[in-house]
Amino acid sequence: MPDDNNGDDGSVPSGERDASPESRADGGEVTDGGHAVREELPAGDEHGHDFPSMGTVKRWLVTTNHKDVGILYTVTSLFFLVFGGLLALLFRLELTTASGSFLTGTAYNQAVTAHGLLMVFFFLSPFAFGFANYFVPLQLGAKDLAFPRLNALSYWLYLLAGGLFGLSFLQGSTFAGGWTMYAPLNLPMYLPEGVGSTTAVMAMIMFVISVTVSSVNFLTTMHRMRAEGMRIRDMPLFSMSILLTVWMMLFAFAALLAALIILASDHILGTTYFAATEGGSLLWAHLFWFFGHPEVYIVFFPALGMMAEVFQTFTGRRIVGRKWFIAAMTLVALQSFVVWMHHMFLTSINLEIKTLFMATTIGISLPFDLMVFALIYTMIKGRIRFTTPFLFAFGALLLFIVGGITGVFLGAVVLDYEFRGTYWVVAHFHYVMVGGAMAMFGALYYWYPKMTGKMYDEFLGKAHFALSFVGFNLLYFPQFVAWETPRRVYNYQPEFVTWHQLSTVGAFVFGLSFLLMFYNFYKSYHHGEDAGDAPWKYASSAEWAIPSPPSLENFPGVPSYKGGSLSFLSEEEVHGAAAADGGPAHGHATGDAHAGGHDDHASYWPLLSSVAVFVLFVGLAGTNGGGTVYTATAALGGLALLGTAAGWVVESFHVSEPELASRWPFDGVENTKLGVWIFLASDVVVFGAFVGSYIFIRVAEGWQNWHHLLPADHVVLPGLINTYLLLASSFSIVLAMVAAEKKSRAGVVAGLVTTLVLGIGFLINKGIEWSHFFHIHSEHFPEGWTFGTNVASSTFYLTTGMHGLHVTLGLLVLLWMIPRAWRGAYTSTEDGDKPLEYFGLYWHFVDIVWLFLFPLFYIL
Amino acid sequence: MASTKLYTIIFVVLAALTTVQAWVEISGFLDQSYWLAFGILGVVASVKALMVAGYFQHLRSEPRSITYVYAAGLMAALALTVAAAYSIT
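One line per chain: the protein sequences are A and B, in this order.
Using our numbering, you'd call the opening residue of the first sequence number 1 and step up by one each time.
Using our numbering, you'd call the opening residue of the second sequence number 1001 and step up by one each time.
Every clue listed holds true.
Derived Cβ-Cβ restraints for the label pairs, each shown as a range:
#1 Leu812/A <-> Tyr1068/B: 24 to 34 angstroms
#2 Tyr1068/B <-> Leu366/A: 23 to 33 angstroms
#3 His575/A <-> Val1020/B: 54 to 64 angstroms
#4 Gly1028/B <-> Phe169/A: 55 to 65 angstroms
#5 Ala412/A <-> Val1012/B: 52 to 62 angstroms
#6 Tyr1034/B <-> Gly421/A: 35 to 45 angstroms
#7 Leu366/A <-> Gly1028/B: 50 to 60 angstroms
#8 Val1013/B <-> Lys742/A: 22 to 32 angstroms
#9 Val1012/B <-> Ile760/A: 15 to 25 angstroms
#10 Pro1063/B <-> Gly576/A: 20 to 30 angstroms
#11 Leu86/A <-> Ile1088/B: 36 to 46 angstroms
#12 Ile1088/B <-> Gly163/A: 33 to 43 angstroms
#13 Tyr1068/B <-> His654/A: 27 to 37 angstroms
#14 Gly784/A <-> Val1012/B: 38 to 48 angstroms
Treat the hints as calculated values from the structure; they're not laboratory data.
Only a predicted model underlies this, so the values are computations on that prediction, with no experimental measurement involved.
Where a beta carbon is used, it is the ideal one built from N, C-alpha and C, also for glycine.
If we strip away everything but chain A, and leave its shape as in the complex, we get:
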């Protein structure tokens, strides 16, 4: 048992507690200082409605509850840890000799590549989001995330994206071009034959879709569903770190999505972006690292938040300089978008931009210094209790300091010329990334009692820490010493053999230490002592004020911090307060406050839609070279996706918005509308990256030199007609909205039908134009002007094609909406026109994108 389970001497001077709700618990007394009476909690999961128990398989297939999804994320990410870890052990064995022959060259390349992709994408972030799913709503005082079905969808897309990645191993070869997927080595001509490489790219796209859905969900939740009285700054530091992480995710992953769609297009359609001599390979580096550097913090921030929580709990001290810690994190989150070119110092970018990015890079290390010192001073000011979670968090801090300092070397242009492509880089980023993972393993021990209700075995936990910490340093530190070893290849200088053998021994020690963790958790789950509600004496956030594990809807009342500490309000109190506040935004939240118990928690559609996407992507990956079976598979998947999408709409799935909540800065915008807006903001970046790619390649080619790549028939008129059509369709949607406000059913139907007709006209016009270009026989383009003719045709077809895809999706939604409008769905109730408004926001956005594509692709 942890030594603080029964309380000990680590007292907190009362004067050092601040007034924020997050900091006021000491043993659960103040946090739990409200009207909570635990005996009143529902005993089981049933809540009077049909929701399978946790012991059934069905529960885990249909659940949309955030805690269940959190457990699913955690378990799945640990599976990918083992998957990626075994691959690492394979190539560490290869590296025990300087010119090993344990793996073939291709196998080595696949193992290294897949290890990187699996660990970064399928382990680190999802592991963090297992905790985020489970604990962010608890820490905020929310019953669930804003969109529970979308949360389940994120999980299933993630799991099946991992399945798709696994499948790629069986299709000849998975992607073997390194986890950074640098161009042009990411193109079919440089990759092993077979569909596998493309399947791996599609798996990455599927993963990014999952991330985007998740980002929209978390941002909406965190901005609109905090308990009354909890300001953004009052959120516990873990939640704060997740908020900043999801903001970064929203924009960074959008750029990666664009990059991956372009890459998939180069693979499947034969466009020539990344093979282009006009900056094609540099374009990939820009897109990838514009995502990639924020990704470092996307991975590390949750770990940082967990470290802060664990440090506070086990030093019994609020973090020193809390508001500066938060300010530093915010600064890093912003700055992370303007440092990416330090990954490109050895490319042909100019010296001025290298110098600028060196400055921003060195600059971004400063807020981290502040955070590191805040953690160190927290230890000095508090009284440390060396439990397993603390040991892991403390170890992670030490590793991060080493990783951070060695990274500053790489931020200096001149030093980077020497270090680039060596094991210095490998050792540096493993100290940062795996260092972050160590903090998250600490968090797993920290929250295990809450998630399972059982206490882990402290001795085994400490043994795991000791073995893993020694193994970690034995694994990665020799790589600093042998830094001149070239990265990514299996041959190296013989004088480094001993260091690499040490490193391999370290890898096995590190890897095997996790057997202790798994054994500990398994044994403790079945035979561990009951943990109680608040096993950690100074743990202060709201999850410790409720039972372990919490009930289905989390709280025994509606959480509120209005009185200065956490209390739970009854329904009567909520109704009184909400009435005084004028009720929820737009007055249409269906809310029965909190524990009405009528919210739904089960749906098959997230799983089924994800399966449909899986089938679609398996098929798409093979449509170019895989045979008609793949094309048929893609068609089947596409149809299934349409069918399951209909299932979502038809299914009755009730989720209430809280009547009482802190909603800054989005008061007055309901959850769904905010979700649509946040999604559109990420779509701005997707299209921005497409347009940016076009501009980049055109500048590289010579802006006005571009026209010789275009056929003479490429004139203004088709674009002009389509602009008129789209503008008119936007106008007709607005008229439909106006009609809905006037409760004119015929007006709504007329507006929607007009929009549909105009949209179809847009696509027909585009089809005629494309068909004409495909079949021209001019002197310059005797074979037609197709996807792969040149870089101008590639950018034209893919960018306007992506836009056309958005139009098509909009038209599909319209086909659904028109019969509903006919039946009066948007005119019969007070807020019935909301779906029209949401659709309009999307459609106008598609219009706006075209307003820029028109001059760029048809006039200039």
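Given the coordinates of chain A, assemble chain B onto it according to the supplied hints.
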């Protein structure tokens, strides 16, 4: 929610501005002074986008924070585009 009349005016202005853009090319103005025409086309496209966002997406009557979220995406895209294009030697 603004009136049908206002929405109609905005639609007519948008269509007219589109015609202006096409005229810049068809009249030969683009060939005469490319970069001036480039600037005009860019400004007109931006004005049109602002009109659609402000009135059709009624950002004017939404909380300002929504505009900031939208603008943040735009800033990210611009940072990528401008810095990447500038980096070319």
